[in-house]
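Please put together the full structure from these sequences, using the hints given.
So the sequence lines, in the order shown, correspond to chains L and W.
First residue of the first sequence? That's 287 in the numbering used here, and the numbers climb one at a time after it.
First residue of the second sequence? That's 10 in the numbering used here, and the numbers climb one at a time after it.
Everything labelled a hint here was simulated from the structure, so no lab data went into it.
Glycine included, every Cβ here is placed at the ideal spot set by N, Cα and C.
Just so you know, nobody snuck in bad clues.
DEER-style ranges, computed between Cβ atoms: (1) M10(W) with N551(L): 56 to 62 Å; (2) Q452(L) with R105(W): 27 to 33 Å; (3) R373(L) with R364(W): 35 to 41 Å; (4) T535(L) with R451(W): 40 to 46 Å; (5) E530(L) with A358(W): 54 to 60 Å.
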Amino acid sequence: MRRATAEGLRVSIEREGGDVVISTSRLTRLLEHEPGDLTCIVEAGMRLSELQERLGRHDQALMLDPPGDPTIGACLAAGLSGPRRHRYGAVRDLVLGVTIVLGDGTVAHSGGRVVKNVAGYDLGKLFCGSRGRLGLIAAVALRLHPRPAAARSLSVATADAGEAQQLVQRALRSQLVPSAVDLLWPGRLLLLFEGGERAAAAQLQTAQALLAGREEDAGAWDELAERQAAARGRVWFDPGRLAEFLAETPEAVVRVAAGNAYVPNPVEHIWPPLAERVRAEFDPGGVLVA
Amino acid sequence: MGLDRVLHELEGALRPEQLIREPAELRTYECDGLTAHRVVPGLVVLAESTADVQAAVRACNVESVSFVARGAGTGLSGGAVPVADGIVISLTRMKRVLEVDIDAQRVTVQPGVTNLEVTAAVAAEGLYYAPDPSSQQVCTIGGNVAENAGGAHCLKYGFTANHVTGLKMVLPDGELAELGGKALDPDGPDLLGVLVGSEGTLGIATEITVRVIRRPEVVTTLLAAFDSTDAAGEAVSAIIAQGILPSAIEMMDRLMVEAVEQAVHAGYPQAGALLLVDLDGPAIQVEDDVVAVEEICRANGASELRSARSDAERALFWKGRKAAFAAMGRISPSYYVQDGVVPRTKLPAVLRRIRELEHEHGLRVGNVFHAGDGNLHPLVLYDDAVPGQAEQAQHMAKKILEACVDAGGSLTGEHGIGLDKACEMPLLFSEADLATMQRLRRSIDPKGLSNPGKVFPTPRLCGEVPGPYRMHPLEKAGLAQRF
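In structure tokens:
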């Protein structure tokens, strides 16, 4: 970064576009894993699948399940998430701290390795969704969860917007605690219940009594992941007005409680003016390719 | 002078009774929960709308006068301490709940609404607002946003930042920024996430949208007595390692338990350490969790185990814990509360260090902490009638903080940096780290008018090097009980 700044070159991170392309493919170490604290620190180039495998040896997991096998850095930079976002939050809810490198070569840390921390600005959150334009994410401290012992899934067929909204409201107002509630629109509502064996089975039973539908295996989620991966655009809607949104949306993977959905066609998004002001201060030299 | 022109400008925009300039009245705004630091502001503006806030901030911007936003003033790090020759913008009159959307599970409020009022707005529907700082009866959502407030249940449910989905923010130049809304995960850098917890240094929130969640089907509380904090700490680690996530885990040491029993007679057993564990969720999951937690406690030497069988019993178990601070006030004329965080696995080592410090300084420390997330509140007991003891206590409090940072923890888990710990930031962050954070501040507050002198060390505040810990006797009466 320092050289690029000095020589007036432009830098792109993990993709084409700059005079210099920086890859994190060699930043792949798991620097720290404290099972007793449910935290880990990982370099940004590690693939999600590899991290999950390492954490799985201690029956722990990062509750982030975007499709494909992105690097941790990509998960942050692109704000990637999957079905478990419903219960565990997006990547920004799981980041405890970051090490970043700015366009002029400055290396900085924010946050820490502890779950509870309100010291200073949470730059880790700021870098979530920043798409390489504020700086490079080099390492991330993450909050982990125990890996659930069991998982059961339910699907409820629906192709009617009003019916879909009713089903979702019934589920969300009940005492069910699903890890995921997604609508493969049009077609079916999918719910995931995780926990102890007994508890997951009980949740499934309760859900079936409440919503009808039939039990599914993990394959249903694979199909959803493929549809989400194939989607080229993201849109947002008021989660209380699902039916209205569905009525004008021919096809989508819908994260119903979060109010966002993945649609086939690309949708352009520009950063709000405040974000541009921040970017100008983080990269005054315009080193990082937009 | 700048302040006079600000006043003149605002006399045109606001009603006379929204402007406070009588010295006696101004003094009621001179400090927050950290009562040692007092600065009388030049003017207090009682804002009643976003437009009022904008008018005040714009006037300050034109005249380069500083402003400090203030909610209920219950903060414990001096974040709302005014700046001399600056103004205070009070948000307490902006206390309307603007919208309750049950289907979307969102509530939109003005910043002066109290934390508990948000829950009250949705309680009839079986929903609640999860972040529960102990001052929740009086503290405001605006303040919660500034501090990224947590509470006893944040281990499982997260902090304010995990619950705010939208903000209308008056930026330090007076412009209004609208971020987020009811939908989650907007595109672009997470500005919402970085504004929450920015301690009033990046502007003033005037409308806040939060998500509310379902009350769990079942909540139960377990009480376990151990011979030592080490044993209790082992039990906590084992509970977490087994994959159980209690909604709260609180620990009190021997001194604390004794004080509490004297004060409120909650019926606590004698113990070297007492654990309170809250488990919530679907009935069957909780049943299984209770069995598992009891087994773990026994395996780690619990001398006594009790399980609350009713809401009344639950309240009784918690009564002692909630009375902890007040109880210490009975066995010691004065005490300092420290707020530090350590990785859970390092708790035993830090507690040993605190015992060492007790011997070194001859002062006792009562410990109460959110054991699940490693957030400690050591209470350093002293007698301010004895010359030098107050200084000893504050010195000890600082050493405890250093021990937390050395163990890989943080300067603050809940109370914020504010004025109180700004000079200690270099313990945690390098110059490059702080300079990078300052880039954010510069981009949003280039003139440095929004709550200046807070969070970041300055030569004026700290001297050329991080200075000795400053006086902060704890207000005992307070506006609410404190954890």
